[in-house]
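Build the complex: two chains, separate frames, hints provided.
Taken in order, these protein sequences are the chains called Z and C. So in the working numbering, spot 11 of the first sequence is number 11, and the numbers just go up one at a time. Just add 1000 to wherever you are in the second sequence, counting from 1, and you've got the working numbering.
You may find that some hints are simply not true.
Taking lysine-lysine pairs in the DSS-like style, the calculated list, with each CA pair at most 27 Å apart, reads [stated by the list, open to error]:
#, chain 1, residue 1, chain 2, residue 2
1, C, K1104, Z, K44
2, Z, K9, Z, K57
3, C, K1081, Z, K57
4, C, K1104, Z, K9
5, Z, K44, C, K1081
If you're looking for bench data, these hints aren't it; they were derived computationally from the structure.
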Amino acid sequence: NAGVTQTPKFRILKIGQSMTLQCTQDMNHNYMYWYRQDPGMGLKLIYYSVGAGITDKGEVPNGYNVSRSTTEDFPLRLELAAPSQTSVYFCASSYGTGGSLHFGNGTRLTVT
Amino acid sequence: GQSLEQPSEVTAVEGAIVQINCTYQTSGFYGLSWYQQHDGGAPTFLSYNGLDGLEETGRFSSFLSRSDSYGYLLLQELQMKDSASYFCAVRDQGQAGTALIFGKGTTLSVSS
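The following block holds chain C by itself, in its conformation from the complex (with noise of 0.2 Å):
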């Protein structure tokens, strides 16, 4: 099966640099993916790394270290509406095929 670690909150002031940490163990490893959720709405897809390294969208980036089973989104010029649920997700091999499995998510506030 799959696990995920990633910190219950982290609190940041507007302008900020915050940096939201998994950790996971799987059976087989098929990319690490970061997803935000704002209070009450649908998940939106962010970002995605399948090889060890940085990848960077504006002002968000995500890295991958396989060796470690580690990753982290990095949210720089924090805004006000970065306030939201981050959550990781890795891909379980089931019978069928493969599924994405979530973290418990990472609550963001941003204050001014």
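Here chain Z stands alone, though its shape is the one from the complex (with noise of 0.2 Å):
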């Protein structure tokens, strides 16, 4: 049973580069979910999707982009790196709005 599986585990990047973070789950649930933690700090949602092909701003959209063309995948975009995206990344899946959050194990990137 993989689960949400996230790559890269770890990653860093330059200024100004872009990379895209892989989130893969194989439980056929519907939502998926992007969140980035800060040292210390709680989860912030950056974007979710309710299905293939639907997607919706969270609390953090901003410098992020995602596209959700299958059940399985929800790849989350970074453009133009900066300092401030330097944080982990984690990926979640639900079935439906009832049911309990499964993580990845987060990817952790810093931006210099």
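Structure, rendered in structure tokens:
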């Protein structure tokens, strides 16, 4: 049971570079989410998706983009990386709104 | 929008009982959830309250009072492994659907 898989685990970017954080789940969950967590802080919602082709902004969407072409995959795109985007990024999925969230192990991103 | 308030830190000794409070403000209420996160790890689901009252799962219990916009997580017979961060969360209604919004977390330190 793979659950939610995130790649890469770690990444260092230079200011202005771009990258895509990958997230895939094998539980056939319709809902998927991206959160960021700064040191000692809570999780902030970046974007979420309620199904293939449907996405919506969360609390902190600026500087990020998402797409959801399949039920399984929900990649997060960072354009023009900035030091403020240094964080741990968690992807999660759930079966509808009543289900608990299943989290991936996170991607630790440093922008220098 | 949503807001959640919980204490930033709680300390206790092994075998003790600790209560972590959470107050929330929401435009629509879809239940209160609790998640545990060990240092460096992914958050994991602990409990969910959709209706008023107490939900018990082993050593952990969670309580909700919708009229008071208040809930708490009760941890009994504390063990060293319970040292972690605990987050309360509520669902926020967006344009596409609902997504979980987290509090800033309570760091629980259990000593021997």
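Outcome of the hint check:
In summary, the hint linking K1104(C) to K44(Z) is supported, as the alpha carbons are separated by about 9 Å, within the 27 Å threshold. Distance hint between K9(Z) and K57(Z) is fulfilled; the C-alpha atoms sit about 24 Å from each other, no more than 27 Å. The hinted pair formed by K1081(C) and K57(Z) fails the criterion: a straight-line CA distance of about 36 Å is larger than 27 Å. Taking the CA atoms of K1104(C) and K9(Z), the gap is about 23 Å. The hint holds against a cut of 27 Å.
At most 27 Å may separate the alpha-carbon atoms for a hinted pair to count; K44(Z) and K1081(C) meet this at roughly 26 Å.
In the structure shown, a violation is registered for the earlier hint numbered 3 alone.
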